[in-house]
Amino acid sequence: DAGVIQSPRHEVTEMGQEVTLRCKPISGHNSLFWYRQTMMRGLELLIYFNNNVPIDDSGMPEDRFSAKMPNASFSTLKIQPSEPRDSAVYFCASSLGTSGSTGELFFGEGSRLTVL
Amino acid sequence: GNSVTQMEGPVTLSEEAFLTINCTYTATGYPSLFWYVQYPGEGLQLLLKATKADDKGSNKGFEATYRKETTSFHLEKGSVQVSDSAVYFCASKGSNYKLTFGKGTLLTVNP
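Protein sequence lines, in the order shown, are assigned to chains S and F. The opening residue of the first sequence carries number 1 in our numbering; numbering runs sequentially from there. The opening residue of the second sequence carries number 1 in our numbering; numbering runs sequentially from there.
One chain only, chain F, in its complex shape (with noise of 0.2 Å):
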């Protein structure tokens, strides 16, 4: 079946620092790909995705590009502020209704 495996945290980094979070998966086929995020006290909130090899998905800063030669689908972002603190979640979906979660990575962020 599909799995995620993303770093472990947590990551403490100072403002405007660079950000990457690790996410490598295997699947069969080709999965769509997911950066979900929880900020303290919520729910996940879908951050950003892409659908297929070599797409790139970007929102509020973020990025991450589906390298299907190294399964992988890094979240980076150039400058990072006090209010990305939240867990980040890498995730995949096969062609069924089935969306498998890495286990978290707790980012912290200090001014």
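One chain only, chain S, in its complex shape (with noise of 0.2 Å):
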């Protein structure tokens, strides 16, 4: 079965550039979070998806950072402009049950953003 798949793999872009990711959940999630990760802060999540219904976006930084969940299959989150400081691996997770009442995350490989 295929799992949690993100892209691209890797973005290299310039300052200011809109930046977008993407992602497919396993089939049959119902829960999508966003997380950064970098050395300094680690891993920190961005916005809580259920059921294709923002929960959580506490955790954007600024308004720069978008999310959208179209469809049970699909999300996006979107950077524009872009900065330096966005730079770091970006993961998708699902999960599946009620406010992912498991705990066990399923993560895709990540994105690698660099912004020059």
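Heads up, a few of these hints could be off.
[Stated by the list, open to error] Which chain S residues face chain F? A few, computed with CB under 7 Å, are given here:
1) Leu43
2) Phe91
3) Gly103
4) Glu104
5) Gly110
What the hints contain is simulated information worked out from the structure, not anything from laboratory work. For each residue, glycine too, the CB sits at the ideal point set by N, CA and C.
Need the complex rebuilt from these two chains, each delivered in its own frame; the hints are there to steer you.
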């Protein structure tokens, strides 16, 4: 079975450009999470969707970040305009159950973003 | 809120050495506890978990016991292999959706 699929795996862009990261969760999972990983801050939860609805976006750094989940099989994380401090690995994860109840998250391989 | 503190790395061991990575948590109530592992270039994957006090989670030779009295969930393995080289994350989860991760501990095992 396919796991969580993220694209692109690597993105290098210039400051000010728009970046769109994509995620396809595991089929049947109803919770989706976007995380950011940096050396300085570790793993940070950016946003959590349940049944395609954003439940908690308190981790989104600022208005330059937005996330959508138009259907159960697709989500995007957009940064516009991008800045060098956004350079990080962005992970998408999905899980099954109400409120991700089991605690077992299935992670994608991540999208490594470098903003020059 | 919940928080997780794990020992800072990096940890470097020789093959067949004993491994301990310390993890303590603070939480209201009784969280579920987890260890996740991240191999180079990959996403995190669940290694083991424990959902109540005195439970022992185990997988692939790794073990961790949920100790309520010391609010700890230390990861141990009796004999590490080169293939165990990875970053290990301790995590806790309360009654809601939020999984709180520690900062991760890099383990390098040399042959």
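The hints, checked one at a time:
About 5 Å separates the beta-carbon of Leu43(S) from the nearest beta-carbon of chain F, less than 7 Å, and the hint is met. Interface hint at Phe91(S): satisfied, since its Cβ lies 6 Å from the closest Cβ of chain F, which is below the 7 Å cut-off. Look at Gly103(S): its Cβ gets to within about 4 Å of chain F, closer than 7 Å, so that hint holds up. Annotation: interface hint on Glu104(S) holds; nearest CB of chain F at approximately 5 Å, less than 7 Å.
At its closest, the beta carbon of Gly110(S) sits 6 Å from a beta carbon of chain F; the interface hint therefore holds under the 7 Å criterion.
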